[in-house]
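J.: Could you build all of it, start to finish, from the sequences and the hints given here?
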Amino acid sequence: MLKAINLTKNYNGATALDDLNLNINAGEVFCLLGANGAGKTTTINLFLDFIAPDGGKALIKGFDVAEQPLETKKYLAYIPEQVNLYKNLSGLENLEYFSALAGQDRYTKEDLLGFFDEVGLRREAAENRVSTYSKGMRQKVGIAIALAKRAEALLLDEPTSGLDPKASNEFSELLKKLSGRGCAVLMATHDLFRAKESGTRVGIMRHGRLITELSTDEIGHADLERIYLENMRN
Amino acid sequence: MIYKIAHKEFIETLRDRRFFVAALIVGGLLLVSLALGWQHSRQIERQHEAAAEMTRKQWLSQGEKAPHSAAHYGVYAFKPQMPLAFVDRGVEAYTGVAVWLEAHKQNDFRYRSAADQTALARFGELTAATVLQILLPLLIILLAFNAFAGERESGTLRQVLSLGVSAKNLAFGKVLGLTGVLALLLVPAVLIGAVALMLNGDEAGEPFNAARFALLVIGYLLYLSVFVFVSLAVSARASSSRFALLVLLGFWITSCLIVPRAATDIARRIYPTASALEFAAQMENDIKNGTDGHNPSDKRLADLKNEAMQQYGVSRLEDLPVNFDGIALQAGEDFGNQVFDEHYGNLWNQFERQDKVRQLAAVLAPQLAASSLSRGLAGTDFAQHRDFAIAAENHRRLLIRTINEDTMKNARYGDTKYVASANLWEKVPEFQYAAPETAAILKKQSGGILVLFGWFVVSILLMIWATARMRV
Amino acid sequence: MLIHIIKNEWRNLRADKTLWLVAGLFAVSVAYAMFNGLAWTNFQRQTIAEAAAEDSERYDALKKQIVEYERSAPEKLSRFSDPRDPAAAGRNIGQKYAAMSPAPLASLSIGQSDLLPYYFKISTRSQQTFTANDELENPTNLLAGRFDVAFVVIYLLPLLILVLSYNFLSGEREAGTLPMLLAQPISLRSVVLGKIALRFAVVTVLALGFHPLVFFLIGGGKLLTAEGALLGAVLWAAAIVAYIAFWFALAIAVNAFNWKSATNAIALAAVWLLFVILIPSLTGVLVTSVYPVPSRVEMIGAMRDASSDASARGSQILAKYTEDHPELVQGEYDPNDAAARTYAVQETVDREVQPILAIYDEQLQKQQNLANNLRFLSPAMVMQEALNDISGTGNARYRHFLAQVKIFHAEWQNYFIPRVFQKARVTAATYDAAPRFVWQEENSPAVARRVLFGLLGIIAFTLAAAAFGFSAIRRYSAIGG
Ligand SMILES: Nc1ncnc2c1ncn2[C@@H]1O[C@H](COP(=O)(O)OP(=O)(O)OP(=O)(O)O)[C@@H](O)[C@H]1O
Ligand SMILES: [Mg+2]
Chain A
1 MLKAINLTKN YNGATALDDL NLNINAGEVF CLLGANGAGK TTTINLFLDF
51 IAPDGGKALI KGFDVAEQPL ETKKYLAYIP EQVNLYKNLS GLENLEYFSA
101 LAGQDRYTKE DLLGFFDEVG LRREAAENRV STYSKGMRQK VGIAIALAKR
151 AEALLLDEPT SGLDPKASNE FSELLKKLSG RGCAVLMATH DLFRAKESGT
201 RVGIMRHGRL ITELSTDEIG HADLERIYLE NMRN
Chain B
1 MIYKIAHKEF IETLRDRRFF VAALIVGGLL LVSLALGWQH SRQIERQHEA
51 AAEMTRKQWL SQGEKAPHSA AHYGVYAFKP QMPLAFVDRG VEAYTGVAVW
101 LEAHKQNDFR YRSAADQTAL ARFGELTAAT VLQILLPLLI ILLAFNAFAG
151 ERESGTLRQV LSLGVSAKNL AFGKVLGLTG VLALLLVPAV LIGAVALMLN
201 GDEAGEPFNA ARFALLVIGY LLYLSVFVFV SLAVSARASS SRFALLVLLG
251 FWITSCLIVP RAATDIARRI YPTASALEFA AQMENDIKNG TDGHNPSDKR
301 LADLKNEAMQ QYGVSRLEDL PVNFDGIALQ AGEDFGNQVF DEHYGNLWNQ
351 FERQDKVRQL AAVLAPQLAA SSLSRGLAGT DFAQHRDFAI AAENHRRLLI
401 RTINEDTMKN ARYGDTKYVA SANLWEKVPE FQYAAPETAA ILKKQSGGIL
451 VLFGWFVVSI LLMIWATARM RV
Chain C
1 MLIHIIKNEW RNLRADKTLW LVAGLFAVSV AYAMFNGLAW TNFQRQTIAE
51 AAAEDSERYD ALKKQIVEYE RSAPEKLSRF SDPRDPAAAG RNIGQKYAAM
101 SPAPLASLSI GQSDLLPYYF KISTRSQQTF TANDELENPT NLLAGRFDVA
151 FVVIYLLPLL ILVLSYNFLS GEREAGTLPM LLAQPISLRS VVLGKIALRF
201 AVVTVLALGF HPLVFFLIGG GKLLTAEGAL LGAVLWAAAI VAYIAFWFAL
251 AIAVNAFNWK SATNAIALAA VWLLFVILIP SLTGVLVTSV YPVPSRVEMI
301 GAMRDASSDA SARGSQILAK YTEDHPELVQ GEYDPNDAAA RTYAVQETVD
351 REVQPILAIY DEQLQKQQNL ANNLRFLSPA MVMQEALNDI SGTGNARYRH
401 FLAQVKIFHA EWQNYFIPRV FQKARVTAAT YDAAPRFVWQ EENSPAVARR
451 VLFGLLGIIA FTLAAAAFGF SAIRRYSAIG G
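Residue numbers (the working numbering), protein chains in the order written: chain A, 1 to 234; chain B, 1 to 472; chain C, 1 to 481.
These are calculated hints, taken from the structure and not from any lab test.
Keep in mind the model is a prediction, meaning the values are calculated, not measured.
A hint or two may mislead.
[Unchecked claim] One-sided excerpt, in silico: chain A residues whose CB lies under 8 angstroms from chain C: (1) Phe98; (2) Leu163; (3) Ala167.
[As the list claims (entries may be wrong)] With beta-carbon atoms standing in for the labels, derived distance ranges: (4) B:His104 x C:Ala429: 40 to 48 angstroms; (5) A:Glu173 x C:Lys7: 27 to 35 angstroms; (6) B:Ser240 x C:Ile3: 27 to 35 angstroms; (7) B:Gly63 x C:Ala429: 38 to 46 angstroms; (8) A:Asn231 x C:Ala472: 41 to 49 angstroms; (9) C:Glu68 x B:Arg316: 27 to 35 angstroms; (10) B:Arg469 x C:Leu21: 22 to 30 angstroms; (11) B:His7 x C:Val290: 45 to 53 angstroms; (12) A:Asn231 x B:Ser240: 37 to 45 angstroms; (13) C:Ala460 x B:His104: 18 to 26 angstroms; (14) A:Glu110 x C:Ile3: 17 to 25 angstroms.
Virtual Cβ for every residue (Gly too), placed ideally from N, Cα, C.
T.: So, in C-alpha cells, the structure goes:
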C-alpha cells in the first residue's frame with residue numbers, strides 16, 4: 001500500500017533522507033522512531049507530495065506520489081502533530097468540508113455525526129466552533145476525517161504528543177480499529193510505549209537512514225527501548 | 001538604558017534591507033520633489049515679475065487718452081510666489097494666476113493653472129508637502145508596526161522585560177531609535193530646504209523666512225511624531241503584528257485619504273456657496289436697485305446731482321467748479337465697492353468657514369491639521385489668497401479714484417472728447433503687495449495648531465498607556 | 001470540487017467580522033459618495049436652468065422694450081443698452097448662454113467638472129472674453145478633491161479587495177490548515193481559484209450591487225432611456241469588474257511569494273501606493289515637464305499689447321477690413337462707425353493672438369495625448385480616464401463642448417456683425433431668429449471605444465499578474481519556508 005523505493009531528500013546539500021526503502025501493507029501499522037532531525041517528518045512529507053524527492057520514489061497503491069499527487073491523495077489521510085482546522089467553523093462543518101474535498105460529498109448530517117460517535121466525540125461538541133476544542137478533540141476530528149474519507153493509508157506525524165495518557169490510549173484504540181479495517185498506517189513517533197502497543201512493525205531512523213526494522217510481536221517493551229538506545233549510540 | 005535600546009533599534013532598522021529600499025525611495029522622492037518645487041517656483045516667480053513689469057509698462061505708455069477709457073483698460077495684478085511655496089504649493093493651482101483691475105467691477109481671478117493640465121493633476125501634485133504628509137507617515141508605520149508585536153512573536157519581548165527593563169523605557173528607547181532613523185532622511189531634506197529658501201530670493205526678508213521655515217519644520221515634526229507614537233501604541237496592544245499593521249494602515253487611510261475628502265463635502269454642505277451665475281446676478285441687482293432694493297441707480301444719480309449743486313450753491317451742473325461726470329463715476333464706484341465688499345466678503349467668509357470645518361475634522365485626521373498649517377506657513381492657503389485679492393482690489397480702487405479725480409478736476413462738464421495728459425498714469429503707484437506677518441498667519445491657524453498639538457499630546461499619552469498595559 | 005471550496009470559503013468569510021466591517025464601511029462610502037455626486041449634478045442642472053430662464057426673460061423684456069421705444073424712445077438712451085442696436089444686441093444685452101448639461105452618469109464621477117466651466121455667455125466679442133468663466137469654488141475644496149463614487153472605486157475598492165485577500169493563502173498556512181487541505185486530492189490552484197472566485201463574487205456584488213439603486217436615484221427610471229445611458233451603465237460595470245479583477249490578480253501574485261501575512265500586507269499596500277498615488281503623480285510631473293503650458297500671464301500681456309496696438313490703428317484697420325469684406329458694406333462705409341471699427345479691430349487682434357492662444361491648446365492637447373499613452377502604466381490612471389469619460393466629466397467631453405461653442409460663436413458673429421456694418425435695426429423678429437445653442441452629445445460609440453481600449457490595458461495587467469501568480473504558485477509550499 002505505502003511503498004518507498006530508494007527515497008532520498010537533500011536540503012541544501014545536507015541529506016535529510018538517505019535511500020529509504022519501505023513497504024507497508026494494508027492492515028499494518030508501521031512506527032517510525034528516531035531522534036530529532038532523523039528524517040521522519042521528511043518521509044511523511046514526501047508521501048504527501050509536500051516536498052519533492054531528490055531521488056527514488058514514494059508509491060501509494062502503486063501510484064507515484066510525485067507524478068500523480070491528486071490520485072494518491074484520494075487514498076490517504078494525514079494527521080499531523082497538531083490537527084489544525086478552520087477555527088470559525090464547527091467540527092461538523094470541518095468534517096463535512098474535508099470529506100467533500102476527498103470526494104465523499106454525499107454524507108447526511110446523521111452520517112457525519114456517526115463519525116463523531118465513532119471517534120468518541122460528544123455530538124453536542126460537533127456543532128461548536130473548533131476554536132473551543134481541546135487538542136485531543138481536534139486529533140479525534142482528524143481521525144474522523146480519515147474515517148469519512150475511507151482512507152486506505154494513514155500518515156501520522158507524532159499524533160499523540162501532548163495528549164494526556166487517557167486520550168493517547170483512546171487514540172491508539174482508534175488506530176487499531178482503522179488498521180483492523182485494512183488501513184495501512186505510517187506513524188512517526190517518539191513514544192516507544194505507543195509504538196510497541198499499537199504498531200505491528202517499528203523502524204528506527206538515524207541521520208536519514210532506516211537502520212533497523214523490527215516486528216513488535218517479537219519483542220517486549222524493555223527490549224524496544226534497549227534496541228533503540230543501542231542504535232542511537234553507535 | 002534608553003540609549004542602549006535606541007541604539008539597538010537604530011542598528012537593527014538600518015540593517016533591514018526592506019527599510020533601506022523604502023527609505024531610499026521616500027528620501028529620493030523628498031529630494032526630487034523639493035528640487036522640482038524649487039524650479040517650478042522660480043519659473044513662476046520670473047514669469048510673474050516679467051508680467052508685472054509689462055502690465056506697468058502698458059499702463060504707463062497709454063499716452064493721451066480719455067481717462068475713463070484708461071480705467072476700462074486697467075491693469076492686471078499677478079499673484080506673486082511666496083518664498084516657501086516650493087515646499088507646499090497649496091491651493092495655487094486652483095486660485096487663478098491673475099486678476100484684471102478695471103473700472104466698475106471687482107473681477108474674479110482668472111486662469112487656474114490646474115485647468116491647463118490633464119486630469120492627472122487631480123491625483124495630487126508631487127510636492128515635498130505630499131511626501132511629508134502622506135508618504136513619510138506610511139514609512140513610519142512600516143518601521144514601527146512590528147516594534148512590540150514582532151518582538152512578542154519572536155519571543156524577545158519576554159526576554160527583554162524579564163531583564164527588568166521597564167515598558168516605558170523600552171517604548172522611549174524605540175521612539176529614540178526611530179527618530180534617529182528618520183533623522184537620516186529629514187536632516188538632509190531640511191538642510192537642502194533651508195539652502196533653497198536662501199537662494200529663493202532676498203526681497204522677502206531673511207529673518208522672517210527663517211522663522212517661518214523653522215515653524216514649518218516644527219509643525220511637520222509634531223505631525224510625524226504623532227505617527228511614531230500611535231504606531232508604537234498599536235504595536236504594544238495588538239494581538240499580532242499582522243493586526244497591528246492592518247489597524248495602522250486603516251488609520252493612515254482614514255487620515256490621509258478618507259477624512260480630508262469627506263470633510264470637504266461636508267463643509268460644502270454646511271456652508272454652501274452660490275453659483276457664479278447667481279452671485280453675479282445678485283451683485284448686478286444690488287448695484288442697479290440699491291442694496292435695500294429701494295434705491296435704484298437713477299434715483300441715486302438724481303440725488304447726487306442735487307447734493308452737488310446744493311454743496312456748491314449752483315443751480316446747473318455746468319456751473320459746478322468740478323466736473324460732475326467725474327463725481328458721478330466715482331459715486332458709482334463707491335456704491336459698487338460697498339456691494340462688492342458685502343458679496344465677496346460673504347463668499348470668502350463662507351470659504352473660510354469651510355476651511356474651519358476641515359480644521360475641526362483634523363480631530364479625526366491629523367493630516368488635515370498638518371496640511372492646513374503647512375499651507376498657511378508656506379503662504380499658499382486660501383486665507384492668504386484672499387489677502388492678496390483684497391490688496392489687489394484696494395489697488396483697483398486707488399487706480400480708479402485717481403483717474404476719476406482727474407476727470408473731476410480737469411474735464412469740462414459734458415465734454416466727451418476730454419483726454420488726460422500722458423503723465424496722469426504715473427500718478428497711480430505700482431501695485432505692491434506685502435504678505436501677512438507670521439504672527440497673523442499663526443493666529444488664523446490657531447485652531448489647526450491646537451488640534452495638531454492635541455494629537456501630539458494624546459498620542460504620547462496613548463503610547464505610555466498602551467506600553468504600560470502591553471501584551472507580552 | 002470548486003463548489004465545495006467556494007462554499008467553505010463563504011462559511012469562513014461569513015464567520016469573520018472583517019467582511020461585515022469592511023462591507024459596511026464600503027456601503028456607507030458608496031452611499032455618501034452618491035449623495036455628493038447627486039448634489040453636484042443637481043447644482044449644475046439648476047444653474048443651467050437658471051441661465052436658460054434668465055435668457056428667455058431677458059429676451060422677452062428686450063422685445064417689449066423695442067415696442068415701447070418704437071413708440072417713444074427715451075431721450076438719453078445709451079447705444080450700449082438700446083435693444084434696437086445690433087452691436088448692443090450681439091455684444092451686450094442680447095448675449096445667450098451655451099451650456100453643456102451633465103451627462104446621465106455625471107453624478108458618479110465629478111472628474112474635471114468642478115474645475116472646468118460648463119456654460120458660457122456667448123457674445124460677439126472674442127471667444128477668450130467669455131471662456132474663462134469658472135464656477136465659484138473654494139480652491140481648498142478643489143485641491144482636496146471630491147468624495148464621489150469614482151473616488152471610492154479608484155482608491156477604496158482596491159483596499160477592500162486587499163483587506164479581504166492579502167492573506168488568503170498565507171493565512172491558511174499560518175493557521176496550519178493548509179497541510180490538512182493539501183492532504184486532500186485537490187490541487188493548490190483549485191484552492192486559489194475557489195478562494196479568489198468567491199471573494200471576487202462578493203466584492204463584485206458589493207461594488208455593483210448599489211448601482212441599480214444609484215441609477216434609479218439619478219434618473220428616477222428615466223435614466224436608462226436617456227441617450228447613451230444604458231451603454232454608459234454597461235461600460236461603468238465593465239470598468240469596475242476589470243479593475244476588481246486586476247487587484248485580485250495582484251493579490252494572487254503577492255500570495256504566491258510564500259511570504260508571511262504581514263509581509264503580504266506590506267507588499268500589497270506598497271503596490272497600491274505605487275499604482276494609485278506614486279505613478280499617477282509622477283506621470284503628472286512628467287507630462288507637465290515634457291509639454292509645459294506657459295503661464296497664462298504671458299498670454300495676458302501679449303493680448304493687451306496686440307489690442308492696444310490694433311486700437312491705435314483703428315481707422316486704418318477698418319478701411320482694410322471693409323475692402324476685404326465688400327459684402328458687409330455694399331459699396332461705401334462709414335469710417336466713423338465706432339461699432340464697426342470695434343469689430344474690425346477685434347478681428348485683427350484675434351488673428352494676431354491666435355498663434356499665442358494656440359500654444360495653450362496645443363500643449364494641453366499634447367499633454368493629454370501623452371497622458372493617454374502613459375495611463376497604461378497604472379490601472380488607476382486608466383480608471384480615472386475611463387470613469388470620467390463614461391460620466392462625461394473628463395477633458396474629452398469638455399473639448400467637445402468647446403468645439404461646439406466655437407461653431408456657435410461663429411454663427412452668432414455671422415448673425416450680428418453684418419447687421420452692425422449695415423446698421424440694420426434689430427427687431428423682435430431678429431431676436432426670435434437669433435441662433436440657438438443646441439448641445440450635441442458626444443458620439444457614444446466613440447466614447448465606448450476609448451473606454452474599452454483603456455480597459456484592455458487593465459486586462460493585460462490582470463492577465464500578466466494572474467499568469468505570474470498561477471505559475472509561481474506551483475512552488476508554493478504547504479509547510480512553509
Ligand atoms: N525546510 C527545510 N530546510 C532545510 N532543512 C530541513 C528542512 N526541513 C527539514 N530539514 C532538515 O532535514 C532533517 C530531517 O528533518 P525532519 O523534520 O524530517 O526530522 P524529524 O525526524 O521529523 O525530527 P523531529 O523528531 O524533530 O520531528 C533535519 O536535519 C532538518 O534540519
Ligand atoms: Mg518531525
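J.: Given a hint of 37 to 45 angstroms, does the C-beta separation of asparagine 231 of chain A and serine 240 of chain B actually sit inside it?
T.: Given a distance of about 42 angstroms, which is inside 37 to 45 angstroms, the answer is holds.
J.: Take a look at whether the Cβ-Cβ distance between glutamate 68 of chain C and arginine 316 of chain B falls inside 27 to 35 angstroms.
T.: holds, 30 angstroms
J.: With 41 to 49 angstroms as the target window, see if asparagine 231 of chain A and alanine 472 of chain C comply at their CB atoms.
T.: For alanine 472 of chain C against asparagine 231 of chain A, whose Cβ atoms are near 42 angstroms apart, the range 41 to 49 angstroms holds.
J.: Quick check on a hinted range of 40 to 48 angstroms for histidine 104 of chain B and alanine 429 of chain C, using CB atoms only.
T.: violated, 33 angstroms
J.: Between glutamate 173 of chain A and lysine 7 of chain C, does the C-beta distance stay in 27 to 35 angstroms?
T.: holds, 34 angstroms
J.: The hint names leucine 163 of chain A as touching chain C; please verify it with the least Cβ-Cβ distance against 8 angstroms.
T.: It is violated, given that the least Cβ distance between leucine 163 of chain A and chain C is near 17 angstroms, above 8 angstroms.
J.: Confirm or reject the claim that glycine 63 of chain B and alanine 429 of chain C have a C-beta distance inside 38 to 46 angstroms.
T.: Holds, since glycine 63 of chain B and alanine 429 of chain C (Cβ atoms, about 44 angstroms apart) stay within the stated range.
J.: Under 8 angstroms, Cβ to Cβ, is where alanine 167 of chain A needs to be relative to chain C, so tell me if that hint holds or is violated.
T.: violated, 19 angstroms
J.: CB of alanine 460 of chain C to CB of histidine 104 of chain B, is that within 18 to 26 angstroms?
T.: Because 58 angstroms falls outside the window, the suggested range is violated.
J.: Starting from the range 45 to 53 angstroms, see whether the pair histidine 7 of chain B and valine 290 of chain C falls in it by beta-carbon distance.
T.: holds, 47 angstroms
J.: Okay, glutamate 110 of chain A versus isoleucine 3 of chain C on CB: inside 17 to 25 angstroms?
T.: Since the Cβ atoms of glutamate 110 of chain A and isoleucine 3 of chain C sit about 22 angstroms apart, the hinted range of 17 to 25 angstroms holds.
J.: Range first: 27 to 35 angstroms. Now tell me if the beta carbons of serine 240 of chain B and isoleucine 3 of chain C are that far apart.
T.: holds, 32 angstroms
Violation of the numbered hints given earlier is confined to hints 2, 3, 4, 13; the remaining hints are satisfied by the structure.
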